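Asker: Residues 1 to 97 (the working numbering) make up the sequence shown, in order.
27 angstroms max Cα-Cα, derived DSSO-like pairs, lysine-lysine:
#, residue 1, residue 2
1, K50, K93
2, K51, K95
3, K9, K57
4, K93, K51
5, K57, K80
6, K30, K51
7, K50, K95
8, K77, K51
9, K77, K9
10, K77, K57
11, K80, K51
It should be emphasised that the hints constitute simulated quantities derived from the structure, not laboratory data. Keep in mind that this is a model prediction, so the values were computed, not measured.
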Amino acid sequence: MQTLRDITKLFPNPTEQIELNPSFEFTNDKTIEHEYVEPYAIPENVEIFKKLQQMNKVGLVVPVDEEHMYFAAMNGKSCKLTALGFHYWRLVKDKRI
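Produce the complete structure using the sequences and hints provided.
Answerer: The structure is reproduced here in structure tokens:
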């Protein structure tokens, strides 16, 4: 429920997009063997991205110009609220949930 309540913090304006980059993806870490892309994983961004992925799983957030959130982050794209996400954003903003 807290992740849902964070929707207004993640999206202060429901029509804005969150710009993503490789620092949001926890696997883009020097301790994991694969091709690394800068900027490397930043703990604060990883926590935000985990919340965004949870919201994506239930249809509140979608990646822009990519099929999956992983590729949106790794390719420096963005994500945005869906119509349902906007509805929940409004409920949280109005303190109804």
